Amino acid sequence: MPDEHTFALAFSAARPASSTDGKSQRNAGGPLLQTHDYTIGFATNRIGPPVSLLHRASFFVSAARLDQLPAPGAPEVCFVGRSNAGKSSAINVLCNQRRLAFSSKTPGRTRLINLFGLPDPLSPDQPLGFLVDLPGYGYASVAHREKEKWADVLGGYLRDRSSLAGIVLIIDIRRGITELDRRLADFIAPTGRPVLALLTKADKLPYGQRQRTVFAVRKDLADIGALHTVPFSATERIGLPEATQYIENWISPKVVP
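Per the UniProt record's numbering, residue 1 is the first one in the sequence shown, and the count goes up by one each step.
Some hints here could point you the wrong way.
List of simulated lysine to aspartate or glutamate pairs, EDC-like, C-alpha gap at most 20 Å [claimed, not checked]:
id, residue 1, residue 2
1, Lys219, Glu179
2, Lys204, Glu236
3, Lys219, Asp172
4, Lys219, Asp186
5, Lys204, Asp172
These aren't lab readings, by the way, just hints derived from the structure by calculation.
These numbers were taken from a predicted model, which means no experiment stands behind them.
Working from the sequences, and respecting the hints, build out all of it.
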């Protein structure tokens, strides 16, 4: 979880982190299987029958290091943003589940990459794609060494992961683009990967101010060629259909009319 200096340094030459912390995300929906590198389980805490492709998401694996991730294959859409910007809430409402993604009571304590599998409707035992929850960044109380490790993980994944099909950048609409967000955007832009800027907590602003913030974010992130900007609220479901369509289309264009 890098500060400004660490973020820029790590993103200029990111490498796989060397952390050996293999603790898994707790899975509140089903059995867990502990392996040397992974924790594999199945989430069942779904709200009603699945309608969207994303509603079928289930917990697949947690990894503390890049070399613990499954080999690249099915398309992945990652979620990245500052700590406490609403990333876990966004994932949960997009997937129509209460506790698929977990957030720590202490921002900056979530240190694992968590993958959620999306089964292929035609071959349910095969993944059609993955949603990837990356550690948050920007929380000041975390030790500098830990920030460096997390910066390496973030940078390495965003730069080198060949199966990464799209990036969901979580931004608290009340704060707008921060310096760390700009550094991340500068790192992402040369990769050419599409970005969905999800402006969370949109219900906290009146409509006019919300729209002005959207225009400001588009201007600040103009260097990202394939950029989509959606005001979003997990509590009021603002922007949910639009965000769902972008993410589904990255995973599998054929499921979007």
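Point to revise | Numbers of unmet hints, in rising order | key: none
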